Structures are given as C-alpha cells and as structure tokens.
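Novice: Per the UniProt record's numbering, the sequence shown starts with residue 1, numbered consecutively.
The hints are simulated quantities; they were obtained by calculation from the structure and are not laboratory data.
Predicted, not measured: the structure shown is a model, and the values here were computed from it.
All C-beta atoms, glycine included, are put in the ideal place defined by N, C-alpha and C.
Take the hints with a grain of salt, since some may be wrong.
[As the list claims (entries may be wrong)] 30 Å max Cα-Cα, derived DSS-like pairs, lysine-lysine:
(1) LYS20 x LYS317
(2) LYS246 x LYS159
(3) LYS246 x LYS156
(4) LYS246 x LYS20
(5) LYS126 x LYS13
(6) LYS317 x LYS275
(7) LYS260 x LYS317
(8) LYS187 x LYS260
(9) LYS156 x LYS126
(10) LYS126 x LYS187
(11) LYS246 x LYS126
(12) LYS246 x LYS275
(13) LYS187 x LYS246
(14) LYS159 x LYS126
(15) LYS163 x LYS187
(16) LYS246 x LYS260
(17) LYS163 x LYS13
(18) LYS260 x LYS275
[As the list claims (entries may be wrong)] Distance windows between CB atoms, simulated:
(19) ASP216 x ARG86: 21 to 31 Å
(20) ALA274 x ARG67: 42 to 52 Å
(21) ILE224 x ILE283: 12 to 22 Å
(22) ILE224 x GLU10: 52 to 62 Å
(23) LYS163 x CYS250: 25 to 35 Å
(24) ASN251 x HIS185: 22 to 32 Å
(25) SER364 x VAL161: 49 to 59 Å
(26) ASN247 x ARG86: 37 to 47 Å
(27) TYR174 x ASN251: 17 to 27 Å
(28) GLU286 x ASP29: 18 to 28 Å
(29) LYS126 x ARG67: 22 to 32 Å
(30) HIS185 x ASP83: 24 to 34 Å
(31) SER69 x HIS185: 46 to 56 Å
(32) ILE283 x ASP91: 41 to 51 Å
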Amino acid sequence: MAKDIIQLLELRKDIIDPYKTSMHIYLTDRVALLRLRGTYLISHPFIAYSYNGFPFISSAPFVYRYRDSINAYNTVMDQYALDPLRIDYSDCRVYPLNISSAIVTNFDNIPLSIISSSIDRGLEVKPIDGIATGVDVYPIGFENRVVFLDGNRNQKIYKMVVKDTDIEFIEHCYCDSLSALRHNHYKALVCFNSNTEASVLISDGLYGIEFPLDRDISISSNAILYLYSNIAYIELSNNGVIAYYKNGLCNTIEFNRHLKPLALLSNNSILGFAKNFLTLYSIDEEREFSLISTRLEDVYNVSVDPHRNLALLSTSKGIYIFDLDNLSFVMIPSSRRVLGYISGDYMVLLRGDSIEIYFIEMGSSIHLERILSSHSYIARCSSIGKGIITCIDRIGRIAFIDLRYIDRYIDRHPHLLRDVPTNVSVTLPDAALHTPLKFEGYRELPYSIHRVDSLR
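Construct the entire structure; sequences and hints are all you get.
Specialist: Rendered as structure tokens:
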C-alpha cells in the first residue's frame, strides 16, 4: 500500500481564510501542535500531528465571526452537514476547555455559556448561571488554569472542571503573590511563594506550558514572553529563561536576556536573534556565535528544524540555509518575496503561485538539488521537522506533507550543486514539473482526506 504523502484536514465550511490566517507550530517531544490565528477566527480546536504520521483534530468548536454574527462549527457537524450554530453574543472571548467543549466569556471575563459537542446535534450552547465574578482562563493543552479577578481569591490558581453545565473549580496552588503578564498574543501567570520558588505558566490561549523556577526571580510587567518552535520563553529582569519538554519532562535553561530565542537544537544550542544578528548560543560552552547580520524588518520568515539543527532565513536579499552543526550557510539570492521552510533533508520555497522543493545534504559543504519546480495552490506553510511540513492551501484546507517519500513520485534528472560553506549564490535549473495535492502535473501523489471526530 502506497504511503500517503499528503494528509488533508478538510472542513465543508469556509472557516479558514488562507490569506488572512497565520499558522504556527509548537513542537513537543511527542506531537506537533498547530496554532491558527485569523482576522475572523476567535477560537479553534486542538490540532495535532503525531510523528508517526497521524493528524488529529478535536471536536471542540471553531468559533469565528461571519458578517455581524459569531458562529460555532465543528467536525461532528461536518459529518451530518449541519449549519453553523449562531452564538447570541456580539462580543466575547472563547477558550477551549477540553477536546469537546469551550467556554464563552464576555469582555469582563464573566462566564456566559459552554459550547459542547453532541453526537446527534453537533454543538449545543448551554448557559452558565451563578458565576458573577470574572475569571481569567489560561489553557495549556487539554487542561486549563483559572484565576479569579475579584480581591478575595486572587492569590490562588485553580483548575476548571466542566461537567455538563456545572463548573467546578479545584485549587491548583496557593501563591504569596501572583502576577499576570501579557505580551502580544501570549499571557503568563507567575506564582511566587515563601520559599523563594516560583511557578510560571505561559499560554497562547490554546496551548501552553507550566514550569517551576527554583530561585527568587524578578519579572517586569512588560516582559517579553512567547511560545515558538519547541520552547516557551519569558524575560526576567536580568536573564531570559526557556522551558522545553524532553522525554516527557519539563526542563529550563537560563541565559543572557539580549538573546531572543527561536528554538532549542539537538546539539544543545539555542538559535535566536541578538540585536541585528542571527545568533547561535552554545549552552555547553556558554558562548555566542554571530551567524549573519540582518534587520528584523527585512526578514520575511524563519524556519527551523531543531531535530536536524538546520535553519532557514527568508529576507529581502534572498534565502539563507544554515547548517548549525558546522556553522556554515549558503544563500540563494532573490529580488522577489519568497517564503521558505526547511524540514529534514528538504527545503520548500513558495514564490507567489509557484513551489520549489530542494533536497539538502549537509557535510563539509552544503549540497542542494532542486527536484521540483511547478505551479502551486499552497498559500503558506510551517515546518514540523523530520521531513514533514504543514500547509494551508488556497481553499482553506490544512495539509500535512511528508517530503521523505516524494522522490519516488517525481521523474527527475538529478543535478547536484556542491557549495563551499560561505555566502555563495546558488542558481539551479528546473528538474521536474510536478507539485503536490491536486495541482497541475502529470502524476498524482497519494493522499488521504481526514474529517476526524473524537466522539466516534
């Protein structure tokens, strides 16, 4: 049986706008978690891809604005061809609670209702009564943490357990003092206690991480914090801290705060930006290596494969490919805007309505081979690593593409370019005329469409 190179998550409703929706990948040691942000998308369910090749989407609702209304939709309704459920609130916040439900609050954070999955009805909105106090919800995957906004209970963090329309708050921890922080799309809780330890929770409204710091810390109210690639980052007053999972355990590393990290690499280094330099920080040597100088406003996108210690930087000058084990790089010049993604032994470039796929071999020099150049309906992508990328195509489908098996479906005449590890221009000829999905081409790649319902 042929390996499905492309796996599609397809909804029957136009919920994902491919041109107004950004996508981010948060890597754990077990799965890759997909985060979508769109102009009209308020909330979406958990979307994950396991490294053994299986995509998953929970039955919690997509909540989105449509004209002057707010609608909810999920995979159960997809199977029964039900219309989206209109929510009777003009403005609200929505947070996933678990794999099958979400909570709706007003802008004062007072809970209004629960949207829950029902096999026979798709989604149901059930009002919440008896909670007149605002709550701030911090989802961290399939669990959540809650703090009350009144003065009587603002030194405790709770877990929120939902059973039908009943909400139970279970005390998670007590804090001598509790600080809530926000930065762009991210928010954090920092719980201080008397034995000079602190507990930090960082959430993007869907996924998150909770980790301890075993010393007294000081954090500014305007601290930078975020989730990116395989790390969570928070800026302390003197240093920065990343948290990450390895073998199911949460670990932390401290370093100079002027470095804004992008990923933790398998060679025990941190890749990030330090002022106007792309920088590699060796944890073992406690030493920084400046790779190239670039202004952040000139960067179109960054892609990192922390498993292979590879990185790609797309700028107004061109595409930089970095071998972070040997501290070498090569540059493909481009006068046009190009989005690039690196994963395993492959690099994908999107140039408007065209796609290029390169095979990469790292050694004492960087070897590049362009194996595909063709028309494409892909709008944007993100790297999962290990030879896998995820993309949104131009009709709003989410595609997981395993590039490791693509060679056997491309008729090509190999042309290998060998480059010294310096800033050298690369120009390669076209080698094939084929592109993934149902795009123009003479040969169809094996693919499957998933409408995953966790209730069935």
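Novice: None of the hints should be skipped; say for each whether it holds.
Specialist: Each hint, compared with the structure:
1. LYS20 x LYS317: holds, 25 Å
2. LYS246 x LYS159: holds, 25 Å
3. LYS246 x LYS156: Cα-Cα ~29 Å, so holds.
4. LYS246 x LYS20: violated, 34 Å
5. LYS126 x LYS13: holds, 23 Å
6. LYS317 x LYS275: Measuring from Cα to Cα gives roughly 19 Å; hence the hint holds.
7. LYS260 x LYS317: Holds, because 22 Å separates the two Cα atoms, which is no more than 30 Å.
8. LYS187 x LYS260: holds, 17 Å
9. LYS156 x LYS126: holds, 27 Å
10. LYS126 x LYS187: holds, 27 Å
11. LYS246 x LYS126: With a Cα-Cα distance of about 39 Å, the restraint between LYS246 and LYS126 is violated, given a limit of 30 Å.
12. LYS246 x LYS275: Answer holds: LYS246 to LYS275 is near 29 Å, not above 30 Å.
13. LYS187 x LYS246: holds, 23 Å
14. LYS159 x LYS126: The hint holds at about 20 Å.
15. LYS163 x LYS187: Holds - the C-alpha atoms of LYS187 and LYS163 are around 26 Å apart, at most 30 Å.
16. LYS246 x LYS260: Judged against 30 Å, a Cα distance of about 21 Å means the pair holds.
17. LYS163 x LYS13: holds, 29 Å
18. LYS260 x LYS275: holds, 9 Å
19. ASP216 x ARG86: 21 to 31 Å: violated, 50 Å
20. ALA274 x ARG67: 42 to 52 Å: holds, 45 Å
21. ILE224 x ILE283: 12 to 22 Å: Distance hint for ILE224, ILE283 holds at roughly 20 Å.
22. ILE224 x GLU10: 52 to 62 Å: Taking Cβ atoms as reference, ILE224 and GLU10 lie about 37 Å apart, which means the hint is violated.
23. LYS163 x CYS250: 25 to 35 Å: holds, 29 Å
24. ASN251 x HIS185: 22 to 32 Å: holds, 24 Å
25. SER364 x VAL161: 49 to 59 Å: Cβ of SER364 to Cβ of VAL161: about 57 Å, so the range 49 to 59 Å holds.
26. ASN247 x ARG86: 37 to 47 Å: Check passed, 46 Å falls within 37 to 47 Å.
27. TYR174 x ASN251: 17 to 27 Å: holds, 25 Å
28. GLU286 x ASP29: 18 to 28 Å: holds, 25 Å
29. LYS126 x ARG67: 22 to 32 Å: holds, 25 Å
30. HIS185 x ASP83: 24 to 34 Å: With a Cβ separation near 30 Å, HIS185 and ASP83 satisfy 24 to 34 Å, so the hint holds.
31. SER69 x HIS185: 46 to 56 Å: At 24 Å between Cβs, range violated.
32. ILE283 x ASP91: 41 to 51 Å: With a Cβ separation near 45 Å, ILE283 and ASP91 satisfy 41 to 51 Å, so the hint holds.
Comparing the model with each earlier hint shows violations of hints 4, 11, 19, 22, 31; every other hint is respected.
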